[in-house]
Amino acid sequence: MRVPSAWGIAGSPVQHSVTPMLFDVIGRAVGIHLPSRLVIDVDSVDELLRHLATLEGDIWLSCTTPLKYGLSKRYGDQDSISDSINQIARKGGRMVVGNTDGLGFLEACESEGIVPTGMTMKMRGGGATARSIALEWTRMGGCVIPIKGRRQLSDGPWSDMINQEAEADIALDLDVSPGERGDSDLRAKKTLSISYGLDWKPDDFAIKMVCAQHLVAWRTLYAPLMADKLPSLEDTIGALSEEKRTNNHS
Numbered sequence: 000m001r002v003p004s005a006w007g008i009a010g011s012p013v014q015h016s017v018t019p020m021l022f023d024v025i026g027r028a029v030g031i032h033l034p035s036r037l038v039i040d041v042d043s044v045d046e047l048l049r050h051l052a053t054l055e056g057d058i059w060l061s062c063t064t065p066l067k068y069g070l071s072k073r074y075g076d077q078d079s080i081s082d083s084i085n086q087i088a089r090k091g092g093r094m095v096v097g098n099t100d101g102l103g104f105l106e107a108c109e110s111e112g113i114v115p116t117g118m119t120m121k122m123r124g125g126g127a128t129a130r131s132i133a134l135e136w137t138r139m140g141g142c143v144i145p146i147k148g149r150r151q152l153s154d155g156p157w158s159d160m161i162n163q164e165a166e167a168d169i170a171l172d173l174d175v176s177p178g179e180r181g182d183s184d185l186r187a188k189k190t191l192s193i194s195y196g197l198d199w200k201p202d203d204f205a206i207k208m209v210c211a212q213h214l215v216a217w218r219t220l221y222a223p224l225m226a227d228k229l230p231s232l233e234d235t236i237g238a239l240s241e242e243k244r245t246n247n248h249s
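Residue numbers (numbering that gives the first Met the number 0): 0 to 249.
Rather than coming from a laboratory, the hints here were simulated on the basis of the structure.
Every residue gets a Cβ at the ideal spot worked out from N, C-alpha and C, and that includes glycine.
Mixed in with the good hints there might be a few duds.
Label pairs and their computed distance ranges (CB to CB) [said to hold, decoys possible]:
| no. | residue 1 | residue 2 | range |
| --- | --- | --- | --- |
| 1 | R36 | A165 | 40 to 48 Å |
| 2 | E109 | L48 | 22 to 30 Å |
| 3 | G91 | T245 | 31 to 39 Å |
| 4 | S153 | G30 | 36 to 44 Å |
| 5 | D198 | G56 | 16 to 24 Å |
Derived pair list, reagent style DSSO-like, types lysine-lysine, alpha-carbon separation capped at 30 Å [stated by the list, open to error]:
| no. | residue 1 | residue 2 |
| --- | --- | --- |
| 6 | K189 | K147 |
| 7 | K189 | K243 |
| 8 | K243 | K228 |
| 9 | K200 | K189 |
| 10 | K90 | K72 |
| 11 | K243 | K200 |
Based on the provided sequences and hints, a complete structural model is requested.
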């Protein structure tokens with residue numbers, strides 16, 4: 000398997016991101032010699048590509064706001080319905096891409112005993128992450144109640160699973176600013192947040208999701224041949240928490 004010369008995170012803001020640590024945690028678990036960490040604070044795909052052009056070797060990057068939609072327009076999306084890319088890898092000079100937000104959300108839900116089938120989720124927001132989550136949630140038999148925020152959730156396959164009359168089982172506010180803990184005025188039987196800050200805790204749903212979508216990326220994009228060596232979600236979260244404690248005391 001080709002080992003990257005660097006891995007990390009790109010987007011803005013990214014200083015709060017656990018992704019560089021998460022790459023190290025999973026890399027260590029599968030026995031990869033850890034490469035350099037990248038934290039690339041950029042606002043556009045063009046800026047990102049200019050930065051990558053200065054680096055040699057293979058690069059693995061998780062990408063966040065505001066790059067996801069722009070990357071989908073540049074490289075296409077394996078599932079173009081969501082118009083979102085959140086993982087890219089330069090392998091042998093060739094760029095390969097993927098979108099793991101929706102599947103990561105489902106795996107994080109599963110870890111909390113949440114099964115989409117027959118459940119209704121109230122969602123605020125309509126950006127790349129919202130589309131990805133709505134797509135996978137409704138594919139698994141869940142319904143959505145879109146709430147307009149900064150953007151409206153556009154029409155898509157999820158449109159047939161919109162139920163404005165249902166009582167919401169889950170509330171998810173995707174308009175919380177990146178790098179902040181996800182307090183929201185949305186109400187439901189259970190409220191979830193996928194936003195976290197520097198004060199994150201291992202039982203935060205947002206941390207479960209970022210770890211889950213990262214494991215999906217390793218299985219499907221970065222290192223499919225090592226899929227059977229990857230740690231479990233629970234073990235990944237535990238190792239990430241330990242890495243945080245070590246870094247805080249070093």
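For each hint, the structure was consulted:
The beta-carbon spacing between R36 and A165, approximately 44 Å, falls within the hinted interval of 40 to 48 Å. Our hint of 22 to 30 Å for E109 and L48 is violated, since their Cβ atoms are close to 35 Å apart. At about 34 Å, the CB distance of G91 to T245 agrees with the hint of 31 to 39 Å. Between S153 and G30 the CB atoms are about 43 Å apart, so this pair conforms to the stated range of 36 to 44 Å.
Remark: the range hint 16 to 24 Å for D198 to G56 is contradicted by a beta-carbon distance near 35 Å. Our distance criterion of 30 Å between C-alpha atoms is met by K189 and K147, whose separation comes to about 20 Å. Of the supplied pair hints, the one linking K189 and K243 holds, its CA atoms being roughly 28 Å apart against a limit of 30 Å. Note on K243 and K228: the hinted pairing holds, with a Cα-Cα distance of about 23 Å set against a maximum of 30 Å.
In summary, the hint linking K200 to K189 is supported, as the alpha carbons are separated by about 18 Å, within the 30 Å threshold. Straight-line distance between C-alpha atoms of K90 and K72 comes to about 20 Å, which keeps the hinted pair within the 30 Å bound. Note on K243 and K200: the hinted pairing holds, with a Cα-Cα distance of about 10 Å set against a maximum of 30 Å.
This entry does not satisfy hints 2 and 5, going by the numbered hints stated previously.
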